[in-house]
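Sequences listed follow chains A and B, in order. Here this note's numbering is used: position 71 in the first sequence is 1313, and no number is missing along the way. Here this note's numbering is used: position 4 in the second sequence is 5, and no number is missing along the way.
Treat the hints as calculated values from the structure; they're not laboratory data. Treat the hints with care, as some may be off.
Covered by chain B, according to a simulated footprint, are these stretches of chain A (three or more residues, beta-carbon under 8 Å) [said to hold, decoys possible]:
| id | region |
| --- | --- |
| 1 | 1272–1280 |
| 2 | 1315–1323 |
| 3 | 1356–1363 |
| 4 | 1370–1383 |
Computed far set for chain A versus chain B, every beta-carbon distance over 12 Å [to be verified]:
| id | residue |
| --- | --- |
| 5 | 1267 |
| 6 | 1305 |
| 7 | 1309 |
| 8 | 1395 |
| 9 | 1447 |
| 10 | 1451 |
Here are some of the chain A residues that sit facing chain B, going by a computed Cβ distance under 10 Å [as the list claims (entries may be wrong)]:
| id | residue |
| --- | --- |
| 11 | 1246 |
| 12 | 1286 |
| 13 | 1306 |
| 14 | 1327 |
| 15 | 1401 |
| 16 | 1402 |
| 17 | 1410 |
| 18 | 1456 |
| 19 | 1457 |
| 20 | 1458 |
| 21 | 1461 |
Glycine included, C-beta positions come from ideal geometry on N, C-alpha and C.
What follows is the residue order along each chain.
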Amino acid sequence: MTKVLPYRRHDANSQPSSLYEPYRATVLRAPRKPLIVLPHTLSEVTGPVYGHDDIGETDNDLTRHHHGEPVGERIIVSGRVLDDNGRPVPHTLLEIWQANAGGRYCHDRDHHPAPLDPNFSGAGRTLTDENGGYRFVTIKPGAYPWKNHDNAWRPAHIHFSLFGPAFATRLITQMYFPGDPLFAFDPIFQSIRDEKARQSLIANFDLATTKPEWALGYQFNIILRGRDATPFEE
Amino acid sequence: MGLVPIPSQTAGPFFHLGLTAHRSIGNLTAAGVKGERIQITCRVLDGEGVPMDDAMIEIWQADAEGRYNHPDDVVQFRGFGRLATNEHGMCTFATIKPGRVPGNGSTLQAPHINVSIFARGILNRLATRIYFAGDPANHEDPVLNLVPADRRDTLLAHGHTQPNEWHFDIRLCGDGETVFFDV
């Protein structure tokens, strides 16, 4: 008999609506038929595992990937990855990517007429430590325009990709900065119905992790799905 | 529980920068991996049938004996791949045909590959499975049997002109919409 301990299902209100017409690209890309609920098997409770040998020494410091320093406001983004029981998610891979301080991605499909920064590529990666902790040094990304609607601008954000322990916990999300005036006008942020869930994507300014005369600190904790504490009996 | 998991957001159009430009994995068949070598080409189509050149596909699969490379089920085969789609909406993985993984209870699942799809316009990761057309185990697969019979075909990869080459179309919506799972 094979019995697996399943991950808890999401509360739909805490996640974006897959079809959210104000975000125009969803119209041709969101499934219309209901998802089929898949009871978890070994296929869903397992997932790729990474080792420390995959990570380079400066991979988590995006200001040190070139000879010179990038332009912009240096920041430290740190936090913990926890499951919804509050338990740390150790040794899990985090990957981030972002625009430069001027709001331009180092990507051939980004045509925003803001300057590229020869000292900033905007990609980093790290593994969480045994307490689920992680830390990146980077520069604060700029807002940038997109063509979703007239005068559309994305609030400044950093893309985060996480695996967690299982196929079921795979997550790609975005971290925002407190007080951004563009939140109210951004359909990607607004696609999440629940206000509290939306707020959980906004990092907190943190004086304790701010380094004097060097960089502002932001705290961003990431909660992944967890499992019930004990397997239920059939 | 008590904490609320954070929401998903789209990977956007520039994910290559962080995920696939330098960190693609298209070949899962490292030296010493046992099993039948196969190639699977995935193609992603939008609701108008237009191939999407800005999607990312991730796969997660068991080895030839139906074991996953994970603390819960240890094996040497890494089992993970990810690629961005090209200008034809396609990407091709070189891998091995997975074995049968136990399902819940005393069931056995048919050979399958777990798939995640990310792209601009996809706010929540889409999850589906690739099964192999003609596999005799398909009819007793507990997951395929959850799917209405007239939609099961959307989960089947079909053989190509060459042996061991498979093709799998993913239609995000509209005619022939692929079955996606709430994982």
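Hints and how they fare:
{"no.": "1", "hint": "1272–1280", "result": "holds (count 8)"}
{"no.": "2", "hint": "1315–1323", "result": "violated (count 0)"}
{"no.": "3", "hint": "1356–1363", "result": "violated (count 1)"}
{"no.": "4", "hint": "1370–1383", "result": "violated (count 0)"}
{"no.": "5", "hint": "1267", "result": "violated, 3 Å"}
{"no.": "6", "hint": "1305", "result": "holds, 16 Å"}
{"no.": "7", "hint": "1309", "result": "holds, 19 Å"}
{"no.": "8", "hint": "1395", "result": "holds, 14 Å"}
{"no.": "9", "hint": "1447", "result": "holds, 18 Å"}
{"no.": "10", "hint": "1451", "result": "holds, 19 Å"}
{"no.": "11", "hint": "1246", "result": "holds, 7 Å"}
{"no.": "12", "hint": "1286", "result": "holds, 5 Å"}
{"no.": "13", "hint": "1306", "result": "violated, 16 Å"}
{"no.": "14", "hint": "1327", "result": "holds, 6 Å"}
{"no.": "15", "hint": "1401", "result": "holds, 6 Å"}
{"no.": "16", "hint": "1402", "result": "holds, 9 Å"}
{"no.": "17", "hint": "1410", "result": "holds, 5 Å"}
{"no.": "18", "hint": "1456", "result": "violated, 25 Å"}
{"no.": "19", "hint": "1457", "result": "violated, 21 Å"}
{"no.": "20", "hint": "1458", "result": "violated, 22 Å"}
{"no.": "21", "hint": "1461", "result": "violated, 13 Å"}
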